[in-house]
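> The primary structure of each chain is shown beneath.
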Amino acid sequence: MLRRLLFALLVLAVGCRPSGRPAVGPSQRIVSLLPSFTELLFAIGAGDRIVGRTQWCDYPPAALDIPSVGEGLPPNIESVLARRPDLVVLYNAGPNVTAAKQLERAGVQTVLIDLNRLEDLGPAARTLGRLTGRQERAESLAIALDSLAGRPPPPSTTSLAFVVWDNPPIIIGHGSYLDQLATQAGARNVFGDVAAPSAQVSLETIVARDPQWIAVLADSAVRPGFAKRREWRAVRAVREGHFLLLPGSLFGRPGPRSGEAIRELRERLDRGPHR
Amino acid sequence: MKWTILGAVAVIALILSIVLGPAAVPLGELLHSDIVWNLRAPRALLAFLVGGSLGVAGAGLQALVRNPLADPFLLGLSGGAGLGAVLAIALHLPGPWALPIAAFIGALAALGLVYRLGLIGGASLDPRILLLGGVAIGAFAAAITTAIVSLADAAELRNAFLWLWGGLSGASWDSALLVALYAPIPLAVLFAASRPLDLLALGEESASYLGADVEKVKRRVYLAASLLTAAAVAVSGVIGFVGLVVPHIARLTWGHRHRSLLPAAFLGGGALLAFADTLARTVVAPRELPVGVVTALIGVPVFALLLRRWTIA
Amino acid sequence: MTEPLLRLQDVRYRYPGATNDALQGVSLAVAPKQFHAVLGPNGSGKTTLVRIALGGLKPLVGRADVIGVPASHWPRQDLARLVGVVPQREDNLFPQRVRETVLLGRYPHLSLWGRERAADHDAVDRALAACDALHLANRWLWTLSGGEYQRVRVARALAQEPKLLVLDEPGMSLDLKHEMGLFELVLGLVHEQGLGVLMITHDLNLAARFADSLLLLEGGRPVAAGAPNDVLTQETVAQVFSWPVAMHTVDGRPQMVPLRQPKESRA
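Residue numbers (the working numbering), protein chains in the order written: chain A, 1 to 275; chain B, 1 to 313; chain C, 1 to 267.
Source of the hints: derived by calculation from the structure; they are not laboratory data.
Treat the hints with caution; some may be incorrect.
On the chain A side, residues computed to face chain B include the following (Cβ under 7 Å) [stated by the list, open to error]:
| # | residue |
| --- | --- |
| 1 | Trp165 |
| 2 | Pro168 |
| 3 | Ala195 |
| 4 | Ala199 |
| 5 | Gln200 |
| 6 | Val207 |
| 7 | Gly225 |
Reference listing, derived: stretches of chain B covered by chain A, where coverage requires no fewer than 3 residues with Cβ under 8 Å from a Cβ of chain A [to be verified]:
| # | region |
| --- | --- |
| 8 | 31-41 |
| 9 | 284-292 |
Just so it is clear, CB atoms sit at the ideal spot from N, CA and C, and this is done for glycine as well.
Excised from the complex, chain A in its bound form (with noise of 0.2 Å):
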């Protein structure tokens, strides 16, 4: 769960950079390392083209048809390599600048990109195309994603608080992508005054705020333990079963499926607690 976060959590400045010998034509043989890269690809239409993915990359079901390199951030080089592939697309954070300079010394063209935040979607749409050679398709998507990340949020009708990790607790604050999420989707994050991406907090700042909804990125329906614990049902939220379970794999992550998540959250949202 926190390790898909990390993903989006981590701040970095907005911009790609590509690098590495300079493309003789468009990539045919893609290591994608992040999971929302791989569903950028796919989005284009240049899903057949990659040759290597993370363990992590669930979608869509195509991707689990491609072999796994293991992790993204950073990979193992020897298993990217094995992949013989043209290009290898990296999320851009400082481990995996250090494995891009080590695959650029073997041959092989690397593109390290920002992806954070809603707004990220649509630059890195375009990068992924130009290398691709799926302009077309990649610009009708990046102006959809933009768009998305443009529109004016929706009044609040609700709050929530994300909860990363129970003890200590840890949510999302303020300019991180869950928290765009859930401004889109017309919720309030309590902790949106928190200018980082996640922090720790003392529960009772929590019970405090008290937020009307605790979300939660979670692969099953199954609460969290932390439900059950006595120090948590001092939060009114947790007390009423005011849960949000979010899978990880649409909520976690931005990519094109974003306008999907913020929809669905809000219907969530608007349907009110089911007991």
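Fit chains B and C to the supplied structure of chain A, relying on the hints for placement.
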């Protein structure tokens, strides 16, 4: 006089940790507030008990292994607790108490192994081997833990480390009362060993000539201090520094006689952790600092100051 | 005759895994008002004898009794009320003041939770006074000279109010004045307080001057036992210490002078 001051400091630390917090609770509502009653009060109590236990365990172990650098967590218990926590997550053990119970069992397993190692030379428990064995078992458990975390698919596993350094966030009346019932037994064993511990500082041979049953004392002190530490790590993770520095601070003011040293270490450790936790919750509110950071930030300067005064005197 | 404080009868001991006996056929008895010394070169079994006498080791054969009860059967605390020991060396983990360290000698008299009473502090004062160390009471241990430190350790053993005092190489690393002073002090305790003393030493001359009964060990076996004049004959000493010696008499006690043995004349 110094007892009065220490008692006052302890009471003030407890009061502060109940009155202060990131959520504003008006003074008039203190007694009726859910936040104060269900969150702050058990957390203050747990902080005090854990801090006091670590202080006493540290003082006892330092005398036992005859090494002033001994810290309760040096004896492999944190490694064992971490392994227990990771296994609880990896095996998807259900229930809100699965993690603390698994960590406690892990710490007990490490304790048992280290104890067995300490007896390797025969019937006599060798404190030096306890120390070395503790470090070795701790490293071994940490290696297995890391292997599990890096090989397993479950992303949640990485959170076991968060849990291990989690501090007092998980405090509730359940855990506070559990510790309040559990800790007095090993604490009483350690307090009862006060005089033999004084003698042990002269070396095992001299201690036995002065009337201490050395083997019995060593075993009791090791087991009691470790059981205290195992409980502490199960309810509040690894909180460094209290067990190392509090005994030294107490020694500089109260001397080396364990009859006064151990109670002073208990009150001092409790006050330090309650106070440190209050700071951790409030200084960067609404965010929270890991409490171990605060214990180190308070403990080191106080220690340095006392050390300086003491060497000059 | 009353029961001796300490009695070893035909003791044999061998350390686990060793090929030779550390002690064999050793007997001795220390009565009140008796100053008994055990002599021998390095490795002759003196330290093993102390451990057996104090119950730290159990003899394989024979008996080691303190007031008629096997030494290893005594609870340590009860034994410490009867026997005070000044071990050869110890290192104090924490800095301590003289009075604190002597007060540790009261441990065997205290109950589990009880505090030290006035009687205990009086005993400490008496012990310090007996050792001429009352003026040192508030000094830090590490500021003492070697002689002062030994006197304080004797005082700690006296604070136990024992009937038997065991001294292991008490004169080690002391200069002449402090060494003689310490032995006069111990002899005074024997005469005035009726203590029995068992002293382990390799210093023949001091043992001969102060002790009234000697046991000479060699390789774990007793070579001679009895009054100094009977034990320390020229032949015995030369044989046990493997060096030619001459014997003289001072104050009616035998005193040994090692002879020169130039290299060329040694076989």
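> Hint by hint, note whether the structure agrees.
A quick look at each hint next to the structure:
1. Trp165: holds, 5 Å
2. Pro168: With Cβ-Cβ at 4 Å, under 7 Å, it holds.
3. Ala195: Where the cut-off is 7 Å and the nearest Cβ of chain B is about 9 Å from A:Ala195, the hint is violated.
4. Ala199: Holds: closest Cβ of chain B sits about 5 Å from A:Ala199, inside 7 Å.
5. Gln200: Hint holds; A:Gln200 Cβ to chain B Cβ min 5 Å, cut 7 Å.
6. Val207: With Cβ-Cβ at 5 Å, under 7 Å, it holds.
7. Gly225: It holds, given that the least Cβ distance between A:Gly225 and chain B is near 5 Å, below 7 Å.
8. 31-41: It holds, with 5 qualifying residues against the three required.
9. 284-292: Coverage by chain A holds for the region 284-292 of chain B (6 residues, Cβ < 8 Å).
Violated hints amount to a single one, hint 3; each of the other numbered hints is respected by the structure.
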